[in-house]
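Peer 1: As given, the protein sequences belong to chains X and P, one line each in that order.
Quick note: the first sequence uses our numbering, first residue 1, plus one each step.
Quick note: the second sequence uses our numbering, first residue 1001, plus one each step.
Hints were generated in silico from the structure; no laboratory data involved.
Note that the structure is predicted; figures quoted are calculated from it, not measured.
Glycine is no exception: its CB is placed at the ideal position from the N, C-alpha and C atoms.
There may be inaccurate statements among the hints.
[As the list claims (entries may be wrong)] Listed next, the in silico DSS-like pairs over lysine-lysine satisfying Cα-Cα at most 25 angstroms (straight line):
hint	chain 1	residue 1	chain 2	residue 2
1	P	1132	X	63
2	X	158	X	229
3	P	1125	P	1212
4	P	1289	P	1212
5	X	161	X	234
6	P	1212	P	1132
7	P	1132	P	1204
8	X	63	X	234
9	X	65	X	234
10	P	1204	X	234
11	P	1052	X	63
12	P	1119	X	229
13	P	1119	P	1052
14	X	63	P	1259
15	X	63	X	158
16	P	1125	X	63
17	X	65	P	1132
18	X	65	X	161
19	P	1132	P	1052
20	X	158	X	65
21	X	65	P	1289
22	X	236	P	1204
23	P	1289	P	1119
24	P	1132	P	1119
25	X	65	X	194
26	X	154	X	229
27	P	1132	P	1055
28	X	65	P	1212
29	P	1125	X	65
[What the hints assert, rightly or not] Have a look at the derived ranges for each label pair, beta carbon to beta carbon:
hint	chain 1	residue 1	chain 2	residue 2	range
30	X	206	P	1080	32 to 42 angstroms
31	X	158	P	1210	39 to 49 angstroms
32	X	154	P	1286	53 to 63 angstroms
33	X	46	P	1181	19 to 29 angstroms
34	X	93	P	1122	24 to 34 angstroms
35	P	1084	X	154	50 to 60 angstroms
36	X	228	P	1290	57 to 67 angstroms
37	X	129	P	1172	32 to 42 angstroms
38	P	1206	X	156	38 to 48 angstroms
39	P	1150	X	198	19 to 29 angstroms
40	P	1080	X	203	50 to 60 angstroms
Each chain, written out:
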Amino acid sequence: MSNQSLSNRRLSKRTLAAAILILVVIPVTILMGVFLWESRKYYFISLLIMLYTFIPFALVFEKRKPQARELVVIAVMTAITVAGRSAFFMLPQFKPVIAIVIISGVSLGAEAGFLVGAAAGFISNFFFGQGPWTPWQMFGFGIIGFLSGLLFQKGWLKRTKLSLCLFGGAATVLIYGGIMNTSSVLMITPTINKEILLAAYASGIGFDLVHAAATVCFLFILSRPMLEKLDRIKLKYGMIES
Amino acid sequence: MRRNAFTTFHPIVNFVYFTFVLVFSMAFMHPLFQAISLAGAIGYSILLNGRKAVKFNLLYMLPLLLVMAAFNPIFNHAGVTILFYLPNGNPFTRESILYGIAAACMYVTVIVWFSCFNKVITSDKLMYLFGKIMPAISLILAMTLRFVPRYRHQLSVISQAQRSIGRDLSQGNLIERARNGLRILSILTTWAMENAIETADSMKARGYGLPKRTSFSIYRFERRDQLTLSIMIGLVAIVLTGAALEENTIRYFPSVVMKEYSLFSFVVYGAYFIFCTLPVMFQIVEEVKWKYIVSKI
Chain X
1 MSNQSLSNRR
11 LSKRTLAAAI
21 LILVVIPVTI
31 LMGVFLWESR
41 KYYFISLLIM
51 LYTFIPFALV
61 FEKRKPQARE
71 LVVIAVMTAI
81 TVAGRSAFFM
91 LPQFKPVIAI
101 VIISGVSLGA
111 EAGFLVGAAA
121 GFISNFFFGQ
131 GPWTPWQMFG
141 FGIIGFLSGL
151 LFQKGWLKRT
161 KLSLCLFGGA
171 ATVLIYGGIM
181 NTSSVLMITP
191 TINKEILLAA
201 YASGIGFDLV
211 HAAATVCFLF
221 ILSRPMLEKL
231 DRIKLKYGMI
241 ES
Chain P
1001 MRRNAFTTFH
1011 PIVNFVYFTF
1021 VLVFSMAFMH
1031 PLFQAISLAG
1041 AIGYSILLNG
1051 RKAVKFNLLY
1061 MLPLLLVMAA
1071 FNPIFNHAGV
1081 TILFYLPNGN
1091 PFTRESILYG
1101 IAAACMYVTV
1111 IVWFSCFNKV
1121 ITSDKLMYLF
1131 GKIMPAISLI
1141 LAMTLRFVPR
1151 YRHQLSVISQ
1161 AQRSIGRDLS
1171 QGNLIERARN
1181 GLRILSILTT
1191 WAMENAIETA
1201 DSMKARGYGL
1211 PKRTSFSIYR
1221 FERRDQLTLS
1231 IMIGLVAIVL
1241 TGAALEENTI
1251 RYFPSVVMKE
1261 YSLFSFVVYG
1271 AYFIFCTLPV
1281 MFQIVEEVKW
1291 KYIVSKI
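Could you build the full structure based on these sequences and the hints that come with them?
Peer 2: Laid out in structure tokens, this is it:
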């Protein structure tokens, strides 16, 4: 009984936090953007609103009271992603991060995919160096994990190598590349125009293509064995979601 | 090992400090404010990391600053003071050079502050701070941080076992080596997953998920934490008042406009200076105290 009431109180606290966020924090952000940040308006408003997208994920995930097994498997996938990123530290951009995040999203679901991506972005920067790019990377990796889970659930993404590789390559260039190039523009210039966006995309396209090639390669090699291993664990320990 | 004074404060004090100092460094483009923040960041990073920080700042941050400062005027043609025309016919303006320098300075300042953040806010402090609000997510973060070195160790265990049967990364021709490498990774992954389930069951057996959990490090919110936090909030309030009165805003385009200096603006500059050099000042005070105590022995 006491257990029950305790968890109820905690829930209401969280609801309160959500209410404060919606009623106070978001209007304050927009007001501050309009009145204070003369020249850095776009950067701050976009950064903060992007950070707010993390909050519903966190709230839903915490509210669900995930089991220990689920938590540990997510942590394992994140650790493998981080280890993969640091194992290829000598090859710039040639990293398996997005490939493993997509595999996690497909196998463990959209929410877990988002968490693996965002946590991997955050933790690998403990080894690579945090900076103003961290939230953008977290968002980029996370949203790819989320989309891969969602598209798989809808049946648009298949578990075949071809389908995964196509999605991985496209997501790397369009989603991750798009987010990171836009963020670098927002960080160094006060206003956005078509010319400077094109310049940033043009200077980033080489890196994005290498990154996409890496994602496709790693998905080609890793997708089948990794998915099999995850399936085996889910089957063996009865973790198939209802 | 030399203790750093600011790291011994309560995690909330550390976290609030870094949040404000990072937001201020990103928001204020006024040259004086940038110089103050950059000086505070570099000073603190050298205190924390010693010679490594000096090398990092000179080898990586200085070239980055120069490259980024040059990038803006090439692509940004706003501003009224045209210095000359680029070969493609676009104007090269003084305002965009100044903005480029300011933006590059901001970027470098934030990176240097983050290098201090990494050193001060350790993972157990993060757990302590977020364990109550987001228990599951902060547990994932803490476990991942532990798993990475653990997997590195297990990797060497596996590859030693494989070497004894002639299937290590260092044996065979190129294709065999690649195949051996992949096999070692596959073994590691399977082991990691099985091990994860064992960890989870063990956690459950020891009462994971019950209310009122405790954290590994116990921090007490002492009088000095109270005092420091109130000083910080006071300084932040002065700086924010200054920001509301546009003491620290600067307009770059179309022409550079700053507010005239007044008595109040110096108060704001002073408050910001004290705020940015707070960790360095704590360290100096501690050193003086220490010297004083030693001299009395």
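Peer 1: So which of those numbered hints doesn't the model satisfy?
Peer 2: 4, 11, 12, 14, 15, 18, 19, 20, 21, 25, 27, 33, 39, 40
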